[in-house]
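Engineer: Using the sequences and the hints given, assemble the complete structure.
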Amino acid sequence: MTDPTPSVGVYVASYNTAAVTELCVRTMRMRAGRPFTLTVGDAGSTDGSVEMLEAFQRRGWLVLETVAERRTHTEWLDRWYAASPYRYIVFSDSDVEYRGDGWLTALVDRAVESGAAIVATRIQARDWPAYPHPVTGAQRRLAPRPEPWLMLIDLEQTRGVVDVGFGYHEETNEHGNCAFDTAAAFFRAVGDAGLGYVEMPAEYQRAYRHFGSMSWRRASDRRLGLRQRVQAALKTIAVRRHLAVARRADRGAPDRRASDPGPTDPGPIQPGSG
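When we follow our numbering, the leftmost residue of the sequence shown carries the number 609, and every step to the right adds one.
A couple of the hints might just be wrong.
Just the calculated beta-carbon pair ranges, DEER-fashion [what the hints assert, rightly or not]:
no. : residue 1 : residue 2 : range
1   : VAL675    : GLY802    : 31 to 41 Å
2   : ARG849    : GLU779    : 35 to 45 Å
3   : THR613    : ALA663    : 26 to 36 Å
4   : ALA746    : ARG642    : 37 to 47 Å
Derived by calculation from the structure, the hints in this document are not laboratory data. Model, not experiment: these values are computed from the prediction. Heads up, the beta-carbon is just placed ideally off N, CA and C, and yes, glycines get one too.
Structural biologist: Written out as structure tokens, the structure reads:
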């Protein structure tokens, strides 16, 4: 018999992205539409992220995992995939803002109704397009993959069957020199195992915003071109504005502890405040 309320764990890897991680946590909680357990992993942030996440953990909003050594994004995903106790896991990038009510309900309902092993917001690179790396310029063809910044995986189907990690992989095959970016090799292994996937309807794209590249593409990075630095600066401004709105809206969150007075008007937003 299908469990009408399957357990769900949401996992976020964060590194020196305090403001947008806070925005992610606040908006995902406010708009999820169903219960879930949030785990955030941080490996050595120095921008106030840890202090902000510790405060949220004291409120009961999340479970914080910290490690002193540097751990990559995909290393976090591999560890959570191997150890999560939940039926469904949702991987979210830290620079995702949730904008639609019931964003998690919709993902889980799609998984239950379809029986798919992966629920993707969208599949990227179906036709193996050519791609120049934004920093090195190296030319590769990109392997198809689910958008890694938000996807659901049914562990009951995949774990013990699919043992391919989420990390970057390169190979030469019938398509040429190919890059398997985050989750691409895992996605291929799911198909090879005879397991299915589904995409969310196109309108689901309005349920979230992925700012993108905020952990490595910064306005101060002189390796980037002027246009890229301007784009990074504009994203930072947008995050700060949206975070101010989210803090005000989150003031009356239902699971806030009575002893916690909640955030005050943030004024100029400082990383880790609130």
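Engineer: Against this structure, judge whether each hint is valid.
Structural biologist: To see whether the hints hold, each was checked on the structure:
1. A hinted range of 31 to 41 Å holds for the C-beta pair VAL675 and GLY802, which are about 36 Å apart.
2. The given range of 35 to 45 Å is respected by ARG849 and GLU779, whose C-beta atoms sit roughly 43 Å from each other.
3. One distance hint, 26 to 36 Å for the beta-carbon pair THR613 and ALA663, holds here, with the actual separation near 29 Å.
4. Between ALA746 and ARG642, the C-beta spacing of about 42 Å keeps the proposed range 37 to 47 Å intact.
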